[in-house]
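Enquirer: Heads up: the sequence lines are chains A and B, in that order. The numbering of the first sequence is the numbering used here, which starts it at 430 and goes up by one. The numbering of the second sequence is the numbering used here, which starts it at 25 and goes up by one.
A hint or two may mislead.
[To be verified] Heads up, simulated EDC-like pairs for lysine to aspartate or glutamate below, C-alpha to C-alpha not over 16 Å straight-line:
| no. | chain 1 | residue 1 | chain 2 | residue 2 |
| --- | --- | --- | --- | --- |
| 1 | A | K492 | B | D344 |
| 2 | B | K223 | A | D502 |
| 3 | B | K259 | B | E367 |
| 4 | A | K485 | B | E330 |
| 5 | B | K601 | B | E398 |
[Unchecked claim] Anything over 12 Å on all C-beta distances counts as not near chain A; from chain B, calculated:
| no. | residue |
| --- | --- |
| 6 | L54 |
| 7 | R89 |
| 8 | D288 |
| 9 | Y378 |
| 10 | G406 |
| 11 | G473 |
| 12 | P537 |
| 13 | D596 |
[Said to hold, decoys possible] Chain B is faced by these chain A residues, among others (derived, beta-carbon under 10 Å):
| no. | residue |
| --- | --- |
| 14 | K485 |
| 15 | V491 |
| 16 | R496 |
Note that these hints are calculated values from the structure, not bench results. Quick reminder that beta carbons are idealized off the backbone N, C-alpha and C, glycines included.
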Amino acid sequence: MEKQYNLTAFVDGGPAVFLRLAGVLTKRRLDTDELSFLRHAGGNYRFTAVVRTDSKTINTVVKQVRRVIEVVDAYAVELKEPENVYEFQSNAA
Amino acid sequence: MGTQLVENGSFESIERKPLRGADVFVKALLSAGVDTIFGYPGGAIMPVYDALCKCQNRLKHILVRHEQGAAHAAEGYARVSGKPGVCLVTSGPGATNLVTGLADAMMDSVPLVCVSGQVTSSMLGSDAFQETDVIAVTTPVTKWSYQITDASEIEQVMLDAFSIAVSGRPGPVMIDITKDAQLEACKWNGKLKPRFVPKLVRRLPAEQDLQDAAALINAAERPLILAGHGVLISKASGVLQEFIEKSGIPVACTLHGLSAVPTDHPLYAGMLGMHGNYAPNVLTNQADLLIAVGMRFDDRVTGKLEAYAPNARVIHIEVDPAEIGKNVPVTSALVGDARAVLEKLLPLIKPKQYPEWLKRFKTLREQEVKEVIEAATNPGSGEITMSEAVNVISEASRGEAVVVADVGQHQMITARYYRFKHPHSFITSGGLGTMGFALPAAFGATVAGANRPVIAIIGDGGFQMTLQELGTIAQEGTALKMVVLNNSYLGMVRQWQELFFEKRYSEVEIKSPDLVKLADAFGIAGRKICRRENLKEAVNEMLESEGPYLLEIQVKKEDNVFPMIPAGSAVDQVRLK
Ligand SMILES: Cc1ncc(C[n+]2csc(CCOP(=O)(O)OP(=O)(O)O)c2C)c(N)n1
Ligand SMILES: [Mg+2]
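Isolated chain A, as found in the complex (with noise of 0.2 Å):
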């Protein structure tokens, strides 16, 4: 089944990196809702991608993603509906 998954990555290296770990995902096509990669303060970067996917695949992909040299740790977390939506309240009414 098909859900949405937050995928993460922390990486040791610098933005040619961000060419390996976007090809993990290409070359399967996996539908993408978002990608990035960001500097952190210490220099090393994150890399995010939302995906939908069914979990044997995230699995798989999240393990390629770990193999790659310069990721320290690698995890993709289910993204669920939230439960409680603070909806905006008018103060004029």
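Following the hints, put chain B with the ligands in place on chain A, whose structure we already have.
Expert: This is chain B with the ligands only, laid out in the frame that chain A set:
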């Protein structure tokens, strides 16, 4: 600094002070234990070539005829020596010519360290002469890639490159060095350690996981071991043999696992996969336990996944966690080096025998002999068949050779009919199926000093893809024995057209030049035979020859490789005709 280099004895004649990046690069190769490089020079790598000529006595550079040849030669070298193969090329076309070899090494887990020159860093991105974004081009087909733009990085990055190429699941590494980094003054440190160490250590499974796996093995009634390339990479053939003998469990090999167990071992069940043996394919689907060692359940092995091993639990011993559960769900995952895991598992296994189960293998084996093997290897009349040629080569070389097969029908026939005696005796392009692989790879295997004859078995199509390396072979005087099994067809494609496209032959007829004359033009001895009565004697003549030798055997034009699991069929739907 200069004195330190003299002490190490590696740069006796280097007078340049300070050292340049290119000198440090060469020093890094030497300290990694490199003794052979396959390469081709050009503008962007000239400083390195200049540094190389100062230590020719310690570092042999072999000039190939095309960079693809360098990559495959390095693969052959790596697979025989167990050391990483090293390639050195220039920027742009030099680097792009490597790509097929990198992809091949990636698929087949072969350790390579490939290095390309690059335009000066200030020109990067400007479409300078011979500039290619090598990192972008090679990233998907390498285990690791890195661009060096500063000489101070060279020593560390090369140290990393070698440790990454050989560690865990081996693979190719691509290092791109800008010309200014090669020319820049820099120092040799000598005390650096490889980075990324947590990634590089080979883990062992937890004790409980080993116990659980052993319990599964001890309780099994119809177990089968599937041995892959990992067995050979981790040098586990010895312990694997102990394991099967103690446990009484039959073993089948993948294409890359071939020779891990001697072909005549009583528990050897044959080759798995599309053109493998009948018994292990059929019985995979009757087994109640598969013990997969250093293999990755490639689609050429599993056939239709949904119908694969429906009755079996699976124990997967594998160094790369990403392979576990990728294609086949497993009951027990033992992540680690194949040899280390087998050594741990061995004492936990009860001695056992499976007479009823082994009888099923024997019955199916006899059926395959009767319906396929007998006629293929001993046709009696008519044209020479590929199978009988390989059978004769196997006999004449007494199973002692390192055999390198190209890609196509002759490859499957070689895998099926050469009777291997020793581990590390079979080299081919499995994962990528690269035609043109065998000639340069066999050359590389010979350079690695196999101490055994190296025989390349190649199709007429594949031979014409990389035959320029005859020049390299001739220049090096390498005693490589080359056999071209000439069926005047791209035989494997023709077979598919015959079987699955109603014999509509489309672009599969191929003409070859006079190969003996061609060899002669390179100064290589050669002979062509068409008749059965010359076969044995010609093979012997080749094996007894001193230098390189090319034997062309004209074989039956339209012959098919059987058994065959048609693409997308279940393993037990294997066809005998
Ligand atoms: C580089 C490359 N191009 C195309 C193919 C597809 N292919 C697989 S086998 C084959 C035919 C090989 O012909 P030949 O070398 O004569 O060997 P044969 O099958 O006749 O023994 C082809 C074209 C390939 N594997 N590699
Ligand atoms: Mg052919």
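Enquirer: Would you mind marking each hint as holding or not holding in the structure?
Expert: Hint-by-hint comparison with the structure:
1. K492/A to D344/B: The hint holds at about 9 Å.
2. K223/B to D502/A: holds (11 Å)
3. K259/B to E367/B: Given pair K259/B, E367/B holds - Cα atoms ~12 Å apart, limit 16 Å.
4. K485/A to E330/B: holds (15 Å)
5. K601/B to E398/B: Status holds; Cα separation ~13 Å.
6. L54: holds (24 Å)
7. R89: Holds: least Cβ distance 31 Å, greater than 12 Å.
8. D288: holds (38 Å)
9. Y378: holds (33 Å)
10. G406: At roughly 47 Å from the nearest Cβ of chain A, G406/B sits farther out than 12 Å, so the non-interface label holds.
11. G473: The claim stands: G473/B keeps its Cβ more than 12 Å from every Cβ of chain A (closest is about 31 Å).
12. P537: Given that every Cβ of chain A is farther than 12 Å from that of P537/B, nearest at about 39 Å, it holds.
13. D596: D596/B is indeed farther than 12 Å from all Cβ atoms of chain A, at 24 Å.
14. K485: Since the shortest Cβ distance to chain B is 7 Å, the answer is holds.
15. V491: Given a least distance of 9 Å, the restraint on V491/A holds.
16. R496: holds (5 Å)
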